[in-house]
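Novice: Chain by chain, the residues:
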Amino acid sequence: MSAPTDAMPRPARSGWLTSRRSKAILKRTVLYLLLALVAFFFAGPLYILLSTSFKTMPEIQSGGLMSLPHEPTAQAWVTAWGEACIGITCGGLKGYFGNSMVMTIPAVLISVMIGAINGYALAKWPFPGARFVFAALVAGNFVPFQVVLAPVAVTLRTLGLFGSVEGLVLIHVIYGIPITTMLFRNFFLSVPNDLIKAARIDGAGFFWIFFRIVLPLSPSVIVVALILQFTGIWNDFLFAVSFSNPSSAPMTVALNNLVNSNFGVKEYNVHMAATVIAAAPTLILYILLGRYFLRGMTAGAVKG
Amino acid sequence: MIDIRISNCNKNYGSLRVLKDINLEIERGEFIVLLGPSGCGKSTLLHIVAGLDRLSSGAIEIGGRDVTDVEPKDRDIAMVFQSYALYPTMSVRSNMEFGLRMRGKPMAEIRPLVEEKARMLHIDHLLDRRPSQLSGGQRQRVAIGRALVRDPKVFLFDEPLSNLDAKLRASMRTEIKKLHQSLGTTAIYVTHDQLEAMTLATRMVVMKAGEIQQVGKPEEVYHRPVNLFVADFLGNPGMNFMKGHLRVDGNRVSADVGAATIPLDGYAFETAPANGQAVVVGLRPESIQPVTGSEAFVLTLKPTLIEHTGSDNLVVLAMGGEEIVGKFPTDMLPKLGEPVTVGFDLGRLSVFDAQTERRI
Numbered sequence: 001m002s003a004p005t006d007a008m009p010r011p012a013r014s015g016w017l018t019s020r021r022s023k024a025i026l027k028r029t030v031l032y033l034l035l036a037l038v039a040f041f042f043a044g045p046l047y048i049l050l051s052t053s054f055k056t057m058p059e060i061q062s063g064g065l066m067s068l069p070h071e072p073t074a075q076a077w078v079t080a081w082g083e084a085c086i087g088i089t090c091g092g093l094k095g096y097f098g099n100s101m102v103m104t105i106p107a108v109l110i111s112v113m114i115g116a117i118n119g120y121a122l123a124k125w126p127f128p129g130a131r132f133v134f135a136a137l138v139a140g141n142f143v144p145f146q147v148v149l150a151p152v153a154v155t156l157r158t159l160g161l162f163g164s165v166e167g168l169v170l171i172h173v174i175y176g177i178p179i180t181t182m183l184f185r186n187f188f189l190s191v192p193n194d195l196i197k198a199a200r201i202d203g204a205g206f207f208w209i210f211f212r213i214v215l216p217l218s219p220s221v222i223v224v225a226l227i228l229q230f231t232g233i234w235n236d237f238l239f240a241v242s243f244s245n246p247s248s249a250p251m252t253v254a255l256n257n258l259v260n261s262n263f264g265v266k267e268y269n270v271h272m273a274a275t276v277i278a279a280a281p282t283l284i285l286y287i288l289l290g291r292y293f294l295r296g297m298t299a300g301a302v303k304g
Numbered sequence: 001m002i003d004i005r006i007s008n009c010n011k012n013y014g015s016l017r018v019l020k021d022i023n024l025e026i027e028r029g030e031f032i033v034l035l036g037p038s039g040c041g042k043s044t045l046l047h048i049v050a051g052l053d054r055l056s057s058g059a060i061e062i063g064g065r066d067v068t069d070v071e072p073k074d075r076d077i078a079m080v081f082q083s084y085a086l087y088p089t090m091s092v093r094s095n096m097e098f099g100l101r102m103r104g105k106p107m108a109e110i111r112p113l114v115e116e117k118a119r120m121l122h123i124d125h126l127l128d129r130r131p132s133q134l135s136g137g138q139r140q141r142v143a144i145g146r147a148l149v150r151d152p153k154v155f156l157f158d159e160p161l162s163n164l165d166a167k168l169r170a171s172m173r174t175e176i177k178k179l180h181q182s183l184g185t186t187a188i189y190v191t192h193d194q195l196e197a198m199t200l201a202t203r204m205v206v207m208k209a210g211e212i213q214q215v216g217k218p219e220e221v222y223h224r225p226v227n228l229f230v231a232d233f234l235g236n237p238g239m240n241f242m243k244g245h246l247r248v249d250g251n252r253v254s255a256d257v258g259a260a261t262i263p264l265d266g267y268a269f270e271t272a273p274a275n276g277q278a279v280v281v282g283l284r285p286e287s288i289q290p291v292t293g294s295e296a297f298v299l300t301l302k303p304t305l306i307e308h309t310g311s312d313n314l315v316v317l318a319m320g321g322e323e324i325v326g327k328f329p330t331d332m333l334p335k336l337g338e339p340v341t342v343g344f345d346l347g348r349l350s351v352f353d354a355q356t357e358r359r360i
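One line per chain: the protein sequences are A and B, in this order.
Counting in the numbering used here, the final residue of the first sequence is number 304, and the numbers go up one at a time with none missing.
Counting in the numbering used here, the final residue of the second sequence is number 360, and the numbers go up one at a time with none missing.
These are calculated hints, taken from the structure and not from any lab test.
Keep in mind that the hints are not guaranteed to be accurate.
Straight-line C-alpha distance at most 16 Å; calculated EDC-like pairs for lysine to aspartate or glutamate [stated by the list, open to error]:
id, chain 1, residue 1, chain 2, residue 2
1, B, K208, B, D21
2, B, K73, A, E267
3, B, K153, B, D76
4, B, K73, B, D53
5, B, K153, B, E61
6, A, K124, B, D53
In this text the structure is predicted, and so the values were computed from the model without any measurement.
All chains should be built: construct the whole structure from the sequences, respecting the hints.
Specialist: Okay, structure coming up:
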């Protein structure tokens, strides 16, 4: 064999680090190590949450935070869902989970709907002052919620909605509109104006064009808005703790009360199960719609 | 019968005057082409007729009815866009049905109508496809079909063929012409392509900077342009321009263009010529031909460049310090640098005042 082949080792003079193949392997190794580190950073706590929630209290007290449960039991989950004492009632989280759903679903749907219509009007039906309205809405995104707590409290009391789920829905809708409007407006700018004109000539009005032409083009941005709003409203603690009472409190408040109760033994397994229950809806939403979310986040960038 | 009347139409965007006092009357069944360079306001004028843009002052009448403040959908018009503007999430069939459904026509009547027009445009096999699955030419057919099923009083075309390749453009042009001949519906067609304008128009409107320059039959605008802009804008290669002065001697008028004196005895002056008046004499390349013997006016000039276009030869000739272009038949191939005798077709001359740039 006289002809050298690619598979043969290169002359020894150029060391292994300088060969192109070895460099690529090194780069890959560093990349995967970094990714593994980041993955561990996020998955580690989730692992501890899940494994602890299936342990019994004696096992937790015997140490071994990272170990898998010896005798897995769902008792902590049953307790967290239906029996744990939160404040003075001992009915578990299920009532508060219901409160959160009743608050989050309408608030998400309404704020996304209004944001879509606003964005459509701002992007495709320019009216005098549209730029000012949009600027004001953008500014609305930068108002820290702490600033508005007192005025909102007064407003809700005046409306007779203080401490009710409806009051929380109203506040979340109002403070969701700026971000959803901005999201939809920016997306709708990429919808060709000729489409709107053609539809107008064809006889369609403002809402017909919106529902028949524009919305069907926008599943990705709708998913982005739904996920952003659902996550934000479901996880909100500040408005929830400020404007709810024990009967209307959402999950976040209940979880805080459960974990921070100061009497008795700290039931870590129950706390962990409760935390997973509180995080589950947003997690499930991401798993179901995550593909569309990523697509939506990048769609505007390439369409131009 | 007047179908569309545009009266004293102005459009301003802030201080920018996009349309300046446009007046135009369009007879029923005419095919009007608005022609001009980009930014001349031709598309804006079309959008105003469609009702998609509001005018700053003036009035629009369609079919004897003042529609200045009427919504586009109530103007009985249909429009074809350069970008096709097909609804991307709907099938071809739904695209064509949309306008009629919006008008509350029962589906039992819409179906056969859509299928008939689809057959007419040879897109009946595409009815269940999405616009994204069609080629550019097919999309434009669908866009035309969508306008056709509505059976409107007026068709509006906004540069409908600009996105197509040259060959497809030519065949679609022919089809649009046939379509108009068979339907006889009034149409306004915007383009910057002079070939489209010349071939499609029953009358064309040449615009520049928001003003109408000339309205007339294509051959009239081509052969008797009212000013230098129109003369220069139409024709490919462009009209030859020779600067000079008029010489009026009794009844005899001629133009001294330096290298030659061109007799203008047969020229129909629109304004009285003055001795010494600075003028620009225009003559199209096809009116400069190698001599066959019967010409009234001949010159001997040196070719400096020859371009073969296939159908004829464009010969650049040195004339004094300037150059003029003649369009020679392919069998008349002069040699570079060897003088040839060419004849000017004096009946095709255009003479413009050098100052006002208007035809005289």
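Novice: Checking against the hints above, which ones are violated?
Specialist: The structure breaks only hint 2.
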